[in-house]
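Numbering-wise (UniProt numbering), the sequence shown opens with residue 1 and increments by one.
Take these hints with a grain of salt, some might be off.
As the list claims (entries may be wrong) - With a cut-off of at most 20 Å between alpha-carbon atoms, the simulated EDC-like pairs for lysine to aspartate or glutamate come out as follows:
1. Lys30 <-> Asp274
2. Lys527 <-> Glu405
3. Lys227 <-> Asp108
4. Lys358 <-> Glu405
5. Lys537 <-> Asp307
6. Lys232 <-> Glu338
7. Lys232 <-> Asp88
8. Lys537 <-> Asp323
9. Lys383 <-> Glu405
10. Lys147 <-> Asp234
11. Lys513 <-> Asp323
12. Lys510 <-> Asp307
13. Lys147 <-> Asp231
14. Lys383 <-> Glu321
15. Lys147 <-> Asp162
16. Lys227 <-> Asp274
17. Lys327 <-> Asp446
18. Lys371 <-> Asp307
19. Lys488 <-> Asp307
20. Lys257 <-> Asp74
21. Lys232 <-> Glu405
22. Lys503 <-> Glu477
23. Lys503 <-> Glu468
24. Lys104 <-> Asp231
25. Lys104 <-> Asp234
Keep in mind that the hints were calculated from the coordinates and are not lab data.
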Amino acid sequence: MAAADNIRIESTTDTVDAGLVAGLLENAYKAAQPGDTIAYHAVGTGAALTNARNGLADVVITHAPSLEAQFVADGYSLGLGRQIFYSDYVIVGPKDDPAGVATKHPHDAIGAFQDIATAGAASPDTVRFRSRADASGTNVQEQIMWKMTSGVPVQQATNSADTTRAEPVGAGGAGTFPAWYVRQSGGQAENLGRVEACVVAGNGCYTMLDRGTFNKQVNDGVVTHLKIVADKNDAGAPGGKNLLINPFSVYIVNPAKFAAPPIPNVAAATRFADFLVSPAFQAALVGFPNAIDPAFLPDAFPALTLDTPLPQTAAPGDTIELDGVAKNRLPGGFNNVEAITGLPIQLQQSTDDGATWKSIGGPVNTITGGKFSITTAIGRTTKYRFSTPAYAASPYNQYSPSTQELGVVAIPTPTPEPTATATPQPTVSPTPTATPTPTVVPLAKDTTRPTVSKVSLTRRGVALSISEGGSIKLVIERRAAKGNKYTKVQTVTLKSTAAKTIKGSHKTLKAGKYRVQITATDLAGNKRTLTRNFTLK
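Can you build the whole structure from these sequences, using the hints too?
So, in structure tokens, the structure goes:
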């Protein structure tokens, strides 16, 4: 077991205010590393990164990509950060919604900001917006959104030189703010509490925060006068469908930036970061605090999906083709590109039910659109999985190494042919007039299904091997250019009088992806069905 350490963690307040730290993270980490203790300091992302720059942290958890990119560029992160999970932002306000946001722009966050600004300008005592104004991840995203508004007078954000960020400007010009725009400090839950108090006092206050914190405060009975007025941005709304996505990453602080103690503890920080991206913790996230509305969703690993499910059975010598797509689990990915191009994917196999794994050939890199295609021949019942390495997701963070099990392809064991056993006949003494009658012993019924192997498909023909005489029906289906829908294009029937390789022709097929449904019937009526996938160039 690793040496016991006290790990200094600087983190955004979202993880604490949404209940993740006390409700899941602390206990799960203690179970995984009982010798370690964690000193968890929750502040805004800007403050967390500043504290890390000042040597006050071993590891940092934050959710402001632009600030994180600068942290990495300045050398304060030991390599790239790691994606860990994401949530989403919501805009909340009074249940009577005096700005009319829920009616006019329930899935348009920029429109919602404009509604609040318009109503606030008309009646600042009735409608207000409370901003954290603390360079937290939430504040950064809020300022990016004010910059995107139309018809709202704005100025350069007063706490940043980043020209993509802005704040509403008051009548006094730069450095002043309108009466309806209230700037305050404090974490997510603290700010939400002030908005609740504002509404209780008879004012119509709005704010933006993460969904997990809002849900927890409502479920705990702390917030009773507020509701979500805008969330889940429409694809056609300004900023697109991923505008409100809230990604979190973990960074190990680089000890080389510090000459005097305390020096960041890389070994301890690495243990903690490894825990956050572990399959066990990533799986636990989807059920916290419940599976219906989790506070955070995992995104430490790429999502690898197959176009067609792995076949359940095959014959010895069959070729298995695995076509699929690699995508970022984070909606929108980096710069709204979800597909992962250039990701090495290694196919691995196990013939001892996962006790040992062996790589098959070399890794295959995904191409444009995140697509990949891997083929392999099967000789016995085999379990398959994909393995991916650490891989840069953006200029500042990366996916963690991962494995993804695909399932088992079984090769059924042939049933041995039953042998007919002669039934002994009683001895009868011959008589001059008796003629012996021969005994006919019925053969046992054939119940062995035919085996089909070495199936191949070309643009003009098909070939396969069958273990005995019979007929083979092949239904050829072509996959649509988009989606997983297949359409039947033709049917081919082949016949054989004995075990052999047979060939047949068909109408010329276009280039594309095909699925062949095969039904083999022997002379005794026994059937075997199987499916094979092909890509024709």
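Hints, verified against the model:
At roughly 14 Å between alpha-carbon atoms, Lys30 and Asp274 fall within 20 Å of each other, so this suggested pair holds. This hinted pair does not check out: Lys527 and Glu405 have alpha carbons roughly 31 Å apart, beyond 20 Å. Restraint check: the Cα-Cα separation between Lys227 and Asp108 comes to about 16 Å, which is no more than 20 Å; the hinted pair holds. For the proposed pair Lys358 and Glu405, the alpha carbon gap of about 13 Å is at most 20 Å, so the pair holds.
For the suggested pair Lys537 and Asp307, the alpha carbons sit about 17 Å apart, so the restraint of at most 20 Å is met. For a cut-off of 20 Å, the pair hint linking Lys232 to Glu338 stands: about 17 Å separates their Cα positions. Distance restraint check for Lys232 and Asp88: the Cα-Cα separation of roughly 8 Å lies within the 20 Å cut-off, and the hinted pair is therefore satisfied. At most 20 Å may separate the alpha-carbon atoms for a hinted pair to count; Lys537 and Asp323 meet this at roughly 14 Å.
Distance restraint check for Lys383 and Glu405: the Cα-Cα separation of roughly 8 Å lies within the 20 Å cut-off, and the hinted pair is therefore satisfied. Using a Cα cut-off of 20 Å, the hinted pair Lys147 and Asp234 holds, with the two alpha carbons roughly 19 Å apart. A C-alpha spacing of about 9 Å is found between Lys513 and Asp323, which places the hinted pair at or below 20 Å, so the restraint holds. Proposed proximity of Lys510 and Asp307 is supported: the alpha carbons are some 19 Å apart, at most 20 Å.
Pair hint Lys147 plus Asp231 holds up; C-alpha atoms about 18 Å apart against a cutoff of 20 Å. Pair hint Lys383 plus Glu321 holds up; C-alpha atoms about 14 Å apart against a cutoff of 20 Å. Restraint check for Lys147 and Asp162: the C-alpha separation of about 11 Å stays at or below 20 Å, so the hint holds. Pair hint Lys227 plus Asp274 does not hold up; C-alpha atoms about 37 Å apart against a cutoff of 20 Å.
Pair hint Lys327 plus Asp446 does not hold up; C-alpha atoms about 50 Å apart against a cutoff of 20 Å. For a cut-off of 20 Å, the pair hint linking Lys371 to Asp307 stands: about 10 Å separates their Cα positions. Taken as a hint, the Lys488 and Asp307 pair is honoured in the structure, with Cα atoms around 17 Å apart against an allowance of 20 Å. Among the hinted pairs, Lys257 with Asp74 is consistent with the structure: their alpha-carbon atoms are about 10 Å apart, no more than 20 Å.
For a cut-off of 20 Å, the pair hint linking Lys232 to Glu405 is broken: about 32 Å separates their Cα positions. Distance check on the hinted pair: Lys503 and Glu477 sit about 19 Å apart at the alpha-carbon level, within 20 Å; holds. The straight-line distance between the Cα atoms of Lys503 and Glu468 is roughly 15 Å, inside the 20 Å bound, and the hint therefore holds. About 13 Å separates the Cα atoms of Lys104 and Asp231, which keeps this hinted pair within 20 Å; it holds.
Straight-line distance between C-alpha atoms of Lys104 and Asp234 comes to about 13 Å, which keeps the hinted pair within the 20 Å bound.
In summary, the structure is inconsistent with hints 2, 16, 17, 21 from the numbered list given earlier, while agreeing with the others.
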